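Enquirer: Chain by chain, the residues run as shown.
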Amino acid sequence: MKPDNKRTGASVAMRQVVKAFGENVVLNKLDLDVDPGEVVVIIGPSGSGKTTILRVIMTLERIDEGTIEIDGRHLYHEQKNGVLTPASEKHIRSVRSDISMVFQHFNLFPHMSARENVMLAPMKVKGMTEDEADVQAQELLNKVGLGDKLDHRPSELSGGQKQRVAIARSLAMEPKVMLFDEVTSALDPELVGEVLTVLRELAASGEMTMMMVTHEMGFASEMADRVLMFDRGQILEQGPPDKLFKDPDHERTKTFLRAVLSH
Amino acid sequence: MDDLILNARQYGNLLEGTLVTIQVIVGSFALGTFMAVVMGVARLSDKKWIRQAALVYIEFARGISAIILLFWMAYALPILFGAPSMPPMLAGILALGLNMGAYGAEIVRGAIQAVPKGQTEATIALNMTDRQRLRHVVFPQAVPIILPPYGNLTIEVLKGTALVSLIALNDLARVAQVIRQNNVISDSPVPLAILYLNVLVIYLILAQVIAQLFKVAERRSARRFGST
Amino acid sequence: MTRWDWDYAWEITPGLIQGMLTTILATLLGITVAVILGLFLAIGRRSDRKWISYPLAWIIEFIRSTPLLIQLFFLFYALPLITFIPEPIRFLSPLTALVVGLGVHYACYCSEAYRAGINSVDKGQWEASTSLNLKMTTTWRSVILPQAIPRALPPLGNYFVGMFKDAPQGSAITVAGVLFVARALQSADFRTVEPYTIAGILFLIVSIPAAIFVRSLERRTFYET
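Chains as they are written, first to last, in this note's numbering: chain A, 12 to 274; chain B, 7 to 234; chain C, 267 to 491.
For the record, the hints were derived by calculation from the structure and aren't laboratory data. Be careful, since some hints might not be right.
In silico DSS-like pairs for lysine-lysine, Cα to Cα no more than 30 Å straight-line [to be verified]:
1) C:Lys389 x A:Lys40
2) C:Lys316 x A:Lys101
3) A:Lys101 x A:Lys91
4) A:Lys91 x C:Lys316
Just so we're clear, the structure is a prediction, and the values are computed from it rather than from any experiment.
Use the sequences and the hints to build the structure in full.
Expert: Right, here's the structure in full:
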């Protein structure tokens, strides 16, 4: 567990969030509060919509109903004369600057080197000079153990290396909330460890709020402040990893954990 | 909207021109398809000289512009053969058909190559001749692959038919030009923008008809092969 | 009458080459218009605003399905008579009309090539751009187009060669390209074999190497993710 003294990052508050794809209701009036600096792991059967939680916070999918607040600011709404109205793209962009996401399939920019991948957004979005962005990129790539791969293209990197570049790329935006969507699922087993090491450091630093969807139960029990069992558009149960993994309340949680851990 | 309409006589003229255009596209399509199949198969022949002859034809007929080929056919070729002239309809069909055949041959070749090798091996196991193999096994499977690009090619040739107006064949494009020239002596000249928009729309309709015909053919060939 | 007169052939070749240079010039200008306009058409067609994307799709279909020759006639003969259009726009010189005609016609083809290239860019690239909070213009400029354009290059190359073959249609609106020169020789000297044959040969000399070059583009490999 990590020290509680210097926690930063932003809070996330989801209220009655509904998201449906046609007939399929993926988030069913979801309420969820995440504290600043908290590390939350979301588990659940595939197709349960757990990835959608991250995707609506990142605005990759727009919600149908409800509200989401980041650090007390509405993501999808604006207060106009005391009334909550749908937000402009400009407003969404402004709130979104506190959030970043790491993807299962990395989504690195294939036409750019590792360094350029990390430099792009700080230069274009934050207006950093090329020199500043370069210094920062080198720092971050060093931090994830890729100081020697600065000028490699994604196609020249292993899966684990790509994912570490992707993490550095997100860190470069200094987000207060980082979302991790099954970031080790696409990796060969022997490459999972190097990515988890980086995640462990980030979690231990307490510098940001982290929400992750993962099947790495070992990592979850070690690093998570809280584990959510998500099922059928709702949080079935939640609690500290010790409680949830060892003594879950619901039969469905037990069945799920048995299935995941046995293989 | 009345302003977009021409008078009945002019529509009558355009209709006559359209019929000539249809003759040119049908003739060019027939010649082009014949050349496409023959040359597409020849490109895959076992004999090197056949392959190379087909390649020369394809490179030549694709490399030269359809409009240049048309003028050469209409005005140079008859002289080379000691004939006084060639009917413009024939010159148009030859030029457009040979041009189409070269593009079509590449489509046919690609489609034949896309038929799995196992099919050829199966025909060898059944002791079929090459001709039987092509006719009964390879072509039926190549047709669904050929049809979509072939429809686009046919529309390109339709657009190309307008060029025959330049060698004095009274097709749709030339009828429009004649109406324009008659404007000079006419008491009530036709607004040219409206004239040309009408002509363009007629070509658009012809193109849509061709596209629909190919869609029907695609559906039929897809049904023959079930869901694969 | 001999069917091929070498002396005459040599005599007319410089004029035909001169015409060919005009044809090449029209093509170079036309393709410049086409690749730039085509890119905007492709981006416009992806717009969320239906009042932009639907009419664009329709206009592209219309221009692609109708003969370039009639479009050239429209630009050259009909446009000057449309009085509400400002004069500098409606009175086009023959070469300008040809360049505009070729450029717009082929822009519609180019937009399809770009569209295919853009669609082939992985959805994750858009999502990564969102997660880095990139502006839409930055996403297009720095992420999507650098991946889409290389993939569109082979078809764009084909359209370049295709446009070159269509450029002699300018002779119908009095652009002094290679075909115009050949036709002028026909009416002046009553000779057809040499002018049209040399015009054809000049064409092949340019277009076959160009086509081979384009095919070598197609064999290039592109970025993998």
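Enquirer: Now, for every hint given, state plainly whether the structure supports it.
Expert: To see whether the hints hold, each was checked on the structure:
{"no.": "1", "hint": "C:Lys389 x A:Lys40", "verdict": "28 Å, holds"}
{"no.": "2", "hint": "C:Lys316 x A:Lys101", "verdict": "21 Å, holds"}
{"no.": "3", "hint": "A:Lys101 x A:Lys91", "verdict": "15 Å, holds"}
{"no.": "4", "hint": "A:Lys91 x C:Lys316", "verdict": "28 Å, holds"}
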